[in-house]
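Chemist: Keeping the supplied structure of chain C fixed, place chain R upon it in accordance with the hints.
Chains C and R, in that order, give the protein sequences.
If you count by my numbering, then the first sequence holds residues 1 to 282, one letter each, in order.
If you count by my numbering, then the second sequence holds residues 1001 to 1282, one letter each, in order.
Mixed in with the good hints, there may be bad ones.
Covered by chain C, per the in silico footprint, the following chain R stretches (three or more residues, Cβ under 8 Å) [claimed, not checked]: (1) 1002 to 1014; (2) 1026 to 1032; (3) 1098 to 1109; (4) 1138 to 1144; (5) 1147 to 1159.
Simulated DEER-style distance windows between Cβ atoms [claimed, not checked]: (6) A85/C <-> T1117/R: 47 to 53 Å; (7) V1010/R <-> M204/C: 42 to 48 Å; (8) S1103/R <-> P134/C: 21 to 27 Å; (9) D86/C <-> E1099/R: 16 to 22 Å; (10) D1186/R <-> E217/C: 51 to 57 Å; (11) H1227/R <-> D51/C: 41 to 47 Å; (12) G194/C <-> N1170/R: 20 to 26 Å; (13) D69/C <-> A1122/R: 54 to 60 Å; (14) R106/C <-> R1126/R: 28 to 34 Å; (15) H1227/R <-> A13/C: 56 to 62 Å; (16) A85/C <-> I1012/R: 35 to 41 Å; (17) S1058/R <-> E123/C: 40 to 46 Å; (18) D69/C <-> E1070/R: 46 to 52 Å; (19) D1009/R <-> A13/C: 18 to 24 Å.
No lab work stands behind these hints: they were computed from the structure.
None of the values given here were measured: they were computed from a predicted structure.
Don't be surprised by glycine CBs; every beta carbon is placed ideally from N, CA and C.
Protein chains: 2
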Amino acid sequence: MALFAFVNDVLIAADEASLGISDLSIQRGYGVFDFFKTLGGVPVYPDEHLDRFFFSASRMRLAVGKSRDELKEMIGVLMKRNEIADSGIRLTLTGGYSEDGYSLARANLVISQHPLTAPITAEPNRSIRLMTYPHMRQLPEVKTIDYLMAIWLQPQLREKDADDVLYHSNGVITECPRSNFFLVTDRGVLVTPGSGVLKGITRMKVLELVKGKLANEEREVRIGELHGAKEAFITSTTKHVLPVTAIDGLRVGDGNIGPVARWVSGELYKLAAPEGAASGRF
Amino acid sequence: MALFAFVNDVLIAADEASLGISDLSIQRGYGVFDFFKTLGGVPVYPDEHLDRFFFSASRMRLAVGKSRDELKEMIGVLMKRNEIADSGIRLTLTGGYSEDGYSLARANLVISQHPLTAPITAEPNRSIRLMTYPHMRQLPEVKTIDYLMAIWLQPQLREKDADDVLYHSNGVITECPRSNFFLVTDRGVLVTPGSGVLKGITRMKVLELVKGKLANEEREVRIGELHGAKEAFITSTTKHVLPVTAIDGLRVGDGNIGPVARWVSGELYKLAAPEGAASGRF
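Looking at chain C on its own, in the form it has when it is part of the complex:
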């Protein structure tokens, strides 16, 4: 099935969709994006993702050139055309066709849709191992396209028998390249780094749902806290809640998927399912 995508105002077959070589993403790695999922044909938390997209664009001095309603309309057209019930929708905004290869120009907007590669389930059905690495993303609160380090580290992950990277900076844990990090302390407190991270929409929803139900803190997390933790997990739009059972080759807790991860995953699933509170049909 041939998918379609928008390049600015043009709806075009995705495999013919392109940007000219003077675009500042190609020349200078300059751009932002956001990514949300649809489940059963319904966007999940679209307003939260669009909020963040406009925030990222503004922080990077890029004009989206469309209102929120215009974006929703384009997304609706795309979904109707592509007919993928469970999908990821990506909005990318680049530095545009720069005359001198350096100065910002009128931003280019790309909207594309892709089938989800793994189903979202209530119960975590796998777990992962992390490798820590000293790095801080540039402008970490902005969802830029800068994944240079993350992609560059892929072979090291394989060598170290790890599935993903956990960044830290001067002994302080921040995030994984494409997900947020949570741990459950020995006292049962759910903790997630409060700064130096991209504030994920799934992260926000986890913090909302545990409010009043589970002791929790957004704060600085030091690398030494990892090994006393009872549980750890990461969250993202596509990974949902993914338990972490080892970090740098050391077991987290008893090395199994923990009760907090299971509970959070289940509660979050109820919200995100097509009939749930997150339903963003528009």
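Modeler: Same frame as chain C, now just chain R:
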């Protein structure tokens, strides 16, 4: 005049040259490049630039897919087609059309040519003011396309009445976003940062030409050394030798273009001129 460019093996009008939206430069800011000039139709230091291009590609785990001779042949075809005597030639190698938007694919190679925006002259005909900023490029020894911070800082430059940025990290000076930094100490020693920088071809040529003629050091340069300096200048392929007369609003030396910058600029010009030692006709 319509310019041409190569996208992989295809020579195409530059304003129609494009990369598909699944390319990892657009998706993830992943790519490397190199850039050399031609003067009077003759490439300047092409082998040094090609060496570095292959080095950057290799460090970023990208296969160029062409031999050095094949690249030279393509560059020759491009130069013949475009007929720009004084130009910049840019080779860009990206992460390729990734199936999953994250894993490296077969690299895409783009070769483009642009008229030089400012002539290269023996005598420096202008000077600039720098603003320091705390930042270290990722994998600084590799010429990646990551200029996120540099472009993001442009409005701050204008606010601070500066022309370019000088990065430092924990009190140690490294480089400008697109050029190397030199200073002349109060004792008359020419000093340039020895690590944490992209080793520019012009930087290398400056170090070669001063050998035995002027005391010089490649070493750690601390930010405190800036204000005792007699002179400062930056070097790059397009900027040649560009004197720095102020840093963070403070005058460097007597605030005028200094004798070392003048001498280095003149000597370097003799090498780079079409009839000079750098002639890379091929």
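Chemist: Next step is simple, just say for each hint if it's right about the structure.
Modeler: A quick look at each hint next to the structure:
| no. | hint | result |
| --- | --- | --- |
| 1 | 1002 to 1014 | holds (count 3) |
| 2 | 1026 to 1032 | holds (count 6) |
| 3 | 1098 to 1109 | holds (count 5) |
| 4 | 1138 to 1144 | holds (count 3) |
| 5 | 1147 to 1159 | holds (count 8) |
| 6 | A85/C <-> T1117/R: 47 to 53 Å | holds, 51 Å |
| 7 | V1010/R <-> M204/C: 42 to 48 Å | holds, 45 Å |
| 8 | S1103/R <-> P134/C: 21 to 27 Å | holds, 23 Å |
| 9 | D86/C <-> E1099/R: 16 to 22 Å | holds, 18 Å |
| 10 | D1186/R <-> E217/C: 51 to 57 Å | holds, 52 Å |
| 11 | H1227/R <-> D51/C: 41 to 47 Å | holds, 45 Å |
| 12 | G194/C <-> N1170/R: 20 to 26 Å | holds, 24 Å |
| 13 | D69/C <-> A1122/R: 54 to 60 Å | holds, 59 Å |
| 14 | R106/C <-> R1126/R: 28 to 34 Å | holds, 29 Å |
| 15 | H1227/R <-> A13/C: 56 to 62 Å | holds, 59 Å |
| 16 | A85/C <-> I1012/R: 35 to 41 Å | holds, 39 Å |
| 17 | S1058/R <-> E123/C: 40 to 46 Å | holds, 44 Å |
| 18 | D69/C <-> E1070/R: 46 to 52 Å | holds, 51 Å |
| 19 | D1009/R <-> A13/C: 18 to 24 Å | holds, 23 Å |
Hint violations for this structure: none, all hints satisfied.
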